[in-house]
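**Student:** Protein chains in written order, with this note's numbering: chain U, 1 to 136; chain R, 1001 to 1136; chain V, 2001 to 2136; chain S, 3001 to 3136.
Check before you lean on any hint, since a few could be wrong.
[What the hints assert, rightly or not] Sample of chain S residues lacking proximity to chain R, with all beta carbon distances greater than 12 Å (derived):
no.	residue
1	Arg3010
2	Thr3014
3	Asn3024
4	Arg3046
5	Ser3061
6	Asp3130
[What the hints assert, rightly or not] Derived coverage of chain S by chain U (criterion: at least 3 residues anywhere in the stretch with Cβ under 8 Å from a Cβ of chain U; other residues may be distant):
no.	stretch
7	3062–3075
8	3089–3103
Bear in mind the hints are in silico, worked out from the structure with no lab data behind them. Glycine included, every Cβ here is placed at the ideal spot set by N, Cα and C.
Protein chains: 4
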Amino acid sequence: MSFAYHRTVRFADTDAAGVVYFANFLSLCHEAYEEALSAHGIDLARFFADTGIVVPIAKSSADYLRPLACGDKLRVTLRPALLSENSFAIDYEITRLGPPAKLAARVRTEHVSTSPRLRERVPLPPALTDWIARQQ
Amino acid sequence: MSFAYHRTVRFADTDAAGVVYFANFLSLCHEAYEEALSAHGIDLARFFADTGIVVPIAKSSADYLRPLACGDKLRVTLRPALLSENSFAIDYEITRLGPPAKLAARVRTEHVSTSPRLRERVPLPPALTDWIARQQ
Amino acid sequence: MSFAYHRTVRFADTDAAGVVYFANFLSLCHEAYEEALSAHGIDLARFFADTGIVVPIAKSSADYLRPLACGDKLRVTLRPALLSENSFAIDYEITRLGPPAKLAARVRTEHVSTSPRLRERVPLPPALTDWIARQQ
Amino acid sequence: MSFAYHRTVRFADTDAAGVVYFANFLSLCHEAYEEALSAHGIDLARFFADTGIVVPIAKSSADYLRPLACGDKLRVTLRPALLSENSFAIDYEITRLGPPAKLAARVRTEHVSTSPRLRERVPLPPALTDWIARQQ
């Protein structure tokens, strides 16, 4: 089961080519990730302060399939998967709602659980592994 | 009667000071403006193509009253007012929802109806004056 | 004497109207402010950690005089002025270099020296009052 | 031979984690691409108007190796390569200057030459194939 986030494309998302700037597709996905965590009771900003652990993005990839214009209604779905005890991936699909709905982009991010204090990888916090398990 | 737009603060809105970057308060307001026009049936992107008229922002001002953090729930209200046959202003309030709710910023933008082809000010299109009249 | 910062307009600065998004004029000015402080030996990010004092923007205003397009070469000049022992203002001019050079925007920001720990205004740190004095 | 672009990290590039927001690494690379084309005499914004051809990004990938903080001095190098008569890739390295200099990210974008009017892929314009050939 995947999580779905809805969003309208705004002027600030676009560039002079008249469509969403390519890097902003990744921001749209991160918004969906923040919303999914929030729906699970995790607040990313406080999460770090409480656990001393950060889970920065180590890799991203994106296939841009269709341009998105200001005012377009979007659905971003995401599905996380464990990669190791220290890391997980999230696969996203950005769909431009229609009719007809059209897949506009596929994005993937990989996240690594890290202790800034120890300067090394650490096991994912239970709140995150629990979130990942429930999204399967 | 004013229009209300709801939005959650995202990581992409914030900066290294841990709170929303000052210029992004203005973006939040423009999102509310886009949503208000859309609710009135006006699509800003297509509006220009159809009428050949643009209504760029000529002035902005902002009072930043409270910092906003990632995850904060916001309500942006706006109220437009005619300034002349060629121009209008919008007054915005950004409120951080609580409890207790707290006013976080007051923003004002002034917009001038312009014909890029004629390179001069032109009367506001009826769709906009109608929208402004209905928000009073 | 004022400080000058040079910058080329990038795609990421623009929106679907084909020109720089209005809120990004303020970002251009903040970049010039960061560069001016850096030229004076102040690193904003470390400054907070070292002094425990932040100087957030309490007000901004902008007059947008000309649109700026991708590739335009800009000069941003700034001039700070003390407002009180706790606050200062900066007046910016954004000029699109020519020939002929054209003034594209006037922006003003007001900054208030604050102690997040004490939750109150505090006198400006000497490094900042020194910077302001030298820019007169 | 590769092209090098220099840039200082700004507050607007960062997020509440205190470092450059992951999607902004891609923007940094696109800036370098715009600067490289400009140095070769190509103005991306006018290029489309003159040729009726756009070269949007169809894929991107990024390895984020080190966090970047506000004030960090960066060098972005890029190297383009033809993929087909319709497409090319650019490999970027973002280096945080030191001493010691440290590789902070590797990014790759793939671009496809497209005619919006014909709604199909078209051969790369000679100005772009010439730029790619000279960067080898």
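**Student:** Take a quick look at Arg3046 (chain S) and tell me if its Cβ sits farther than 12 Å from every Cβ on chain R, holds or violated.
**Tutor:** holds, 16 Å
**Student:** Can you take a look at whether the stretch 3089–3103 of chain S is actually covered by chain U? Rule is 3+ residues, C-beta closer than 8 Å.
**Tutor:** The restraint on the stretch 3089–3103 of chain S is violated, since only 0 of its residues have a Cβ under 8 Å from chain U and three are required.
**Student:** Please settle this one: Asn3024 (chain S) was flagged as non-interface, so is its CB more than 12 Å from every CB on chain R?
**Tutor:** violated, 9 Å
**Student:** Checking the smallest CB distance to chain R, is Arg3010 (chain S) really beyond 12 Å?
**Tutor:** For Arg3010 (chain S), whose nearest Cβ neighbour in chain R is about 9 Å away, the distance does not exceed 12 Å, so it is violated.
**Student:** Say whether it holds or is violated: Ser3061 (chain S) keeps its Cβ farther than 12 Å from all Cβ of chain R.
**Tutor:** holds, 20 Å
**Student:** If we take the beta carbon of Asp3130 (chain S), is the closest beta carbon in chain R still more than 12 Å away?
**Tutor:** Non-interface label on Asp3130 (chain S) holds, nearest chain R Cβ at 33 Å vs cutoff 12 Å.
**Student:** Taking 12 Å as the cut and beta carbons as the points, is Thr3014 (chain S) off the interface with chain R?
**Tutor:** Thr3014 (chain S) is in fact no farther than 12 Å from some Cβ atom of chain R, at 4 Å.
**Student:** Count the residues of the stretch 3062–3075 of chain S whose Cβ falls closer than 8 Å to any Cβ of chain U, and tell me whether that reaches three.
**Tutor:** holds (count 4)
In summary, the structure is inconsistent with hints 1, 2, 3 and 8 from the numbered list given earlier, while agreeing with the others.
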